[in-house]
Amino acid sequence: MNINDVIKGPLITEKLDAAREKFRQYSFIVDKKASKYDVANAVEKLFKVSVEGVRTNIVRGKTKRVGRSIGKRPNFKKAVVTLKEGDKIELFEGGAV
Amino acid sequence: MKVQIEELSPIEKKLSIEVENSRVTEELTRAYTALGKQVKLPGFRQGKVPRRILEQRYREQVEDEVIQRVVQSAWLEAAREHKVDAVAPPQVTNNSGLKTDAPFTFEARVEVKPKVEAKDYQGLPLTRSSTQVEDKEVDDRLTQLRESMARLENVEGRDTAQMGDFASVDYHATVEGKDFPGSKADDVTVELAPGELVESNVAALEGTKVGEAKELDYTFPADYRVEDVKGKTARFKFTVKGLKKKVVPELDDAFAKETGEAQTMEELRGKIRADLEQGKRNKAQGEERDALFKALIERNSFEVPKAMVERTIDNMLENRLRAMARMGMDPRQLNLDFARLREDLREEATKEVKGALLIEAIAQKENIQTSDADVEKKLEELAKEAKQDISVVRKYFKGANEREGLSLRLREEKTIEFLKGQAKYS
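Heads up: the sequence lines are chains U and X, in that order.
Sequential numbering from 1 applies to the first sequence in full-length UniProt numbering.
Sequential numbering from 1 applies to the second sequence in full-length UniProt numbering.
Simulated from the structure, these hints should not be mistaken for laboratory data.
Honestly, I wouldn't trust all of these hints.
List time: in silico DSSO-like cross-link candidates among lysine-lysine, alpha-carbon distance up to 30 Å [stated by the list, open to error]: (1) Lys72/U to Lys40/X; (2) Lys40/X to Lys62/U; (3) Lys214/X to Lys8/U; (4) Lys88/U to Lys48/X; (5) Lys414/X to Lys306/X; (6) Lys64/U to Lys37/X; (7) Lys78/U to Lys37/X; (8) Lys184/X to Lys209/X; (9) Lys214/X to Lys232/X; (10) Lys37/X to Lys83/X; (11) Lys88/U to Lys2/X; (12) Lys48/X to Lys77/U; (13) Lys48/X to Lys64/U; (14) Lys119/X to Lys294/X; (15) Lys99/X to Lys88/U; (16) Lys294/X to Lys22/U; (17) Lys48/X to Lys22/U.
From chain U, some residues computed to sit far from chain X (all C-beta separations above 10 Å) [stated by the list, open to error]: (18) Gly53; (19) Lys64; (20) Pro74.
All C-beta atoms, glycine included, are put in the ideal place defined by N, C-alpha and C.
In isolation and in its complexed conformation, chain U is listed as follows (with noise of 0.2 Å):
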């Protein structure tokens, strides 16, 4: 897969803020058709870091309804990537964007 399809954008929520602070784990929504292989390749591409583990789930979209009408929130593929000790990637840091 293109590199440049894979990751979608980042996903920062209050448990991954603390997972990244605690185990250097960045998450990303990634394309669905995305392998773990190509998401380790894709982080190590972009943001010029080594990976040392990937692990994927799909999020489920949740259903809302609108009163009588139900919908349903898109699924994603959730990627959490843990970096090797050292690494960082500055988007997650905030300060310089």
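Given the coordinates of chain U, work out where chain X should sit on it, guided by the hints.
Positioned in the frame of chain U, the structure of chain X alone reads:
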């Protein structure tokens, strides 16, 4: 906080202010904490967004705000501490930006009240204007009153119109045999007096009897408001229906009562005289104040801050607009050229500001002060003048600002009295 003051001119100062880092940091923390409580971001509960992420997203906004706040408070503190008598908010330039490792610095340029040293204020030339009211002026005023209260009464025992009569007529006019707008009217009152027909003066009706008609030619003025007949000659036919004459009331006690001002003629005369005297006194006072200001300014030249002049112009404009509104005009509909109005007022405003500053300087030098008792006395006077209960006036001047203003005005009056006492009358 370190402050350096540089005097650019008697009316302008430059303050270079340096604010310690810790103070800035404190402000920043406060700003981010406040922001963090409000901000809603996906992935975070409200109030739980880490400062790091806030900084990433809102840095510019927060820093601008903090700079503004720090500048404001630092400036106020500096002005208070170093007794900078500012007349307007400062212009802030060259701020260093917030840095974590260096103090925050900025420069503020501000217009200050000049230190005025009044000199040569003894023996200012003044002309004494008379406030004496002549009997003739009273008579004139009475005649005016009489005229304004005249009534029209039917003429008895005579049916031929005379000069000075008022005739009730129907008329019909034609231009070249044709009617025009307003060419016909019934029951119009015209005066038999020399003058223009369009102003309801028709002398030619003299000798016409009631019930008779009279025809005459009349040429409209070239600037008449009806377009069709401008400068044209019309044939007018007047039918006289009745005669009236103007009856001017006799100058007696009954007349005095009717004016609603007094019970007897004697009293009315006295009242009119008092009014006229008051008017003259007021005018003389205004003139003397003007003359004093002018002379003072001639003898003491100094620069005045622009901001003070502008503010005075603002006040003057506002007063004028309010006066217009009182007279029933709508300033918004008059299409006023405010820029020009301001220019026109500038000279007067400058004079006013200079005068006020000089008066203040003199008052200080001569130790002229106003006490609370003076203010109270003035309040009573004002109440009497406005024919209001003193409690109403007191309510109006309850605020510290209003009271301060009144006290300043009193001091000016006192100082002017003092100057007058020293002036050379010619």
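Hint-by-hint comparison with the structure:
| no. | hint | result |
| --- | --- | --- |
| 1 | Lys72/U to Lys40/X | 23 Å, holds |
| 2 | Lys40/X to Lys62/U | 20 Å, holds |
| 3 | Lys214/X to Lys8/U | 103 Å, violated |
| 4 | Lys88/U to Lys48/X | 23 Å, holds |
| 5 | Lys414/X to Lys306/X | 27 Å, holds |
| 6 | Lys64/U to Lys37/X | 28 Å, holds |
| 7 | Lys78/U to Lys37/X | 29 Å, holds |
| 8 | Lys184/X to Lys209/X | 21 Å, holds |
| 9 | Lys214/X to Lys232/X | 20 Å, holds |
| 10 | Lys37/X to Lys83/X | 39 Å, violated |
| 11 | Lys88/U to Lys2/X | 41 Å, violated |
| 12 | Lys48/X to Lys77/U | 25 Å, holds |
| 13 | Lys48/X to Lys64/U | 25 Å, holds |
| 14 | Lys119/X to Lys294/X | 14 Å, holds |
| 15 | Lys99/X to Lys88/U | 25 Å, holds |
| 16 | Lys294/X to Lys22/U | 80 Å, violated |
| 17 | Lys48/X to Lys22/U | 18 Å, holds |
| 18 | Gly53 | 23 Å, holds |
| 19 | Lys64 | 15 Å, holds |
| 20 | Pro74 | 15 Å, holds |
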